[in-house]
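First to last, the protein sequences are chains A and B. The first sequence runs 177 to 458 under my numbering. The second sequence runs 187 to 434 under my numbering.
What the hints contain is simulated information worked out from the structure, not anything from laboratory work. Worth double-checking, as some hints may not be accurate.
Partner residues are not named here, just some residues of chain B that face chain A (Cβ under 8 Å, in silico) [to be verified]:
{"hint": "1", "residue": "243"}
{"hint": "2", "residue": "244"}
{"hint": "3", "residue": "246"}
{"hint": "4", "residue": "344"}
Idealized CB from N, CA, C, for every residue including glycine.
Take a look at the letters that make up each chain.
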Amino acid sequence: MTYTVSERQRERERIRQQSARRSTLVAAISTVVVAAVLYVGVRSAPGWPRVRESFFSPSVAKAAFPDVLDGLWLNIRVMLICEVIILALGLLLAIARTLRGPVFFPLRVLATAYTDLFRGLPVILVLLLLGLGVPGLRLRGLPTSVVILGAAALVLCYSAYVAEVFRAGIESVHPSQRAAARSLGLSTTQAMRYVILPQAVRRVIPPLLNDLVSLQKDSGLISVLGAVDAVQAAQIQTAKALNFTPYVLAGLLFVILTIPMTRFTDYVAARMNQRQQTGGLP
Amino acid sequence: MSALLSLQAVRKCYDERVVLGGIDLEVAAHQVIALIGASGSGKSTLLRCINLLEVIDDGVITLDGADITDPRVDADQVRRQIGIVFQAFNLFPHMSVLENITLAPRKVHGRSRSEAEYEARDLLDRFGLAEKADAYPDRLSGGQQQRVAIVRALATHPKLLLLDEVTSALDPELVTEVLGVIRALKDDGMTMLLATHEMAFARDVADEICFLDGGVVLEQGAPAELFSAPQEARTRQFLQRIVDAGRL
Numbered sequence: 177m178t179y180t181v182s183e184r185q186r187e188r189e190r191i192r193q194q195s196a197r198r199s200t201l202v203a204a205i206s207t208v209v210v211a212a213v214l215y216v217g218v219r220s221a222p223g224w225p226r227v228r229e230s231f232f233s234p235s236v237a238k239a240a241f242p243d244v245l246d247g248l249w250l251n252i253r254v255m256l257i258c259e260v261i262i263l264a265l266g267l268l269l270a271i272a273r274t275l276r277g278p279v280f281f282p283l284r285v286l287a288t289a290y291t292d293l294f295r296g297l298p299v300i301l302v303l304l305l306l307g308l309g310v311p312g313l314r315l316r317g318l319p320t321s322v323v324i325l326g327a328a329a330l331v332l333c334y335s336a337y338v339a340e341v342f343r344a345g346i347e348s349v350h351p352s353q354r355a356a357a358r359s360l361g362l363s364t365t366q367a368m369r370y371v372i373l374p375q376a377v378r379r380v381i382p383p384l385l386n387d388l389v390s391l392q393k394d395s396g397l398i399s400v401l402g403a404v405d406a407v408q409a410a411q412i413q414t415a416k417a418l419n420f421t422p423y424v425l426a427g428l429l430f431v432i433l434t435i436p437m438t439r440f441t442d443y444v445a446a447r448m449n450q451r452q453q454t455g456g457l458p
Numbered sequence: 187m188s189a190l191l192s193l194q195a196v197r198k199c200y201d202e203r204v205v206l207g208g209i210d211l212e213v214a215a216h217q218v219i220a221l222i223g224a225s226g227s228g229k230s231t232l233l234r235c236i237n238l239l240e241v242i243d244d245g246v247i248t249l250d251g252a253d254i255t256d257p258r259v260d261a262d263q264v265r266r267q268i269g270i271v272f273q274a275f276n277l278f279p280h281m282s283v284l285e286n287i288t289l290a291p292r293k294v295h296g297r298s299r300s301e302a303e304y305e306a307r308d309l310l311d312r313f314g315l316a317e318k319a320d321a322y323p324d325r326l327s328g329g330q331q332q333r334v335a336i337v338r339a340l341a342t343h344p345k346l347l348l349l350d351e352v353t354s355a356l357d358p359e360l361v362t363e364v365l366g367v368i369r370a371l372k373d374d375g376m377t378m379l380l381a382t383h384e385m386a387f388a389r390d391v392a393d394e395i396c397f398l399d400g401g402v403v404l405e406q407g408a409p410a411e412l413f414s415a416p417q418e419a420r421t422r423q424f425l426q427r428i429v430d431a432g433r434l
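Hey, can you work out the whole structure from these sequences and the hints?
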């Protein structure tokens, strides 16, 4: 029996299209209205001409652009290297905290103390303590570069956060999975490696990426130690031009840098939702 | 138009795969119809389409004479009139039995807590679950959970109850208690459409049996006729397999 689309179904699809068009129209109108209100609101502020001159000057932005971009390259390198180290260290810490058995007691305590300490300390304090304290030791072999010390501080703080995210993921895998793995003769380590971790990591990818986005912008904090990153470069340019536009420019560049990561996070989360919802509502 | 629920040429596809290829079915008020057929024959999909959990690709479904597949129809409004019970119970694990049952009456139908709880306890008592009212689902056996799920569906006073293989996830000795509940509902005059693999039960409780094969109703009739003298070769083959497996 061959199937031909019925008149009723065509009518139905026409109605659906109509309502989709209406939704698009409503979205467009409300966007225009909101944008107009914002525009008029800002423009009508009495100080707007001066603010525009000192924060949004195209000529200053143009002059500062090469230096700020150079600085941003340092941020990019710091964040990429830090991300790799943080993920590895965070995972190790998380595993250390989930180890059972009396032999691992000291390891467990250390890992717990580490996460407690560095999750509680403000990043800026760790940066200052490390950046000013370590060179003060005058020990041979320890790095004195502000970039390396700044990156180390970021790693210390963020690996504590990431460790907790991983741990939550590991603990969210149902105990029956571990039991099933062990029943097949897999060792504790093998069960963790082949059964628990793959499921745990998949579950925590969205919050993990969220932490990495946060790290990307916090890489700007190394400027407090004097590293010439995008923030520091902007500060120098601001002082030179007696105009705040370089700050806005640096901010814009950071946002542009994190947008791909944010979109990727959304995409991963949406895909996981979709997979979990098979069997749910359409 | 006497049928409570009526399906005409209902079609549902997932991408290229046709799951329902033009289903016609009428369920009169107080009638119990059992859908039988192999896994993948479209029984569950059919129930999900009726509850508007799936959007059909053609055809029409009417409830009480009203077209519920019109895109302008509020799906929530339709679902308030239809109860559905799933194979996997789907109780909310963070709520007690009583909370599971009173959620919809209170939040959707605007009943007071005392009124909803009074009725919920009444239903629980009727199905032998009175002492489980404050227990959480993970403390119950599968059969108890499924009975709670049925009570939850009943608490909103649906015109129609859809049951999707409600005993498939249960141990054999727990099946009986759930089937007992369904039988009691039939005696109350509840209109039910149930997908099932329990042939003996279907034969016993249903007014009419529908054999689904390849997304169409291949054969439909009174249990006595369909089970003893199936007209279609596919039906005979299906029933033979069930008999061979010792299930009928």
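Under 8 Å, Cβ to Cβ, is where residue 344(B) needs to be relative to chain A, so tell me if that hint holds or is violated. Nearest chain A Cβ about 18 Å off; hint violated.
Quick check on the hint: residue 244(B) CB to chain A CB, less than 8 Å? 4 Å, holds
Restraint check, 8 Å cut-off on beta carbons, for residue 246(B) near chain A: Hint holds; residue 246(B) Cβ to chain A Cβ min 6 Å, cut 8 Å.
Would you settle whether the hint for residue 243(B) is holds or violated, based on the nearest Cβ-Cβ distance to chain A being less than 8 Å? Cβ of residue 243(B) sits 7 Å from chain A, so the hint holds.
Checked against the numbered hints above, the structure violates only hint 4.
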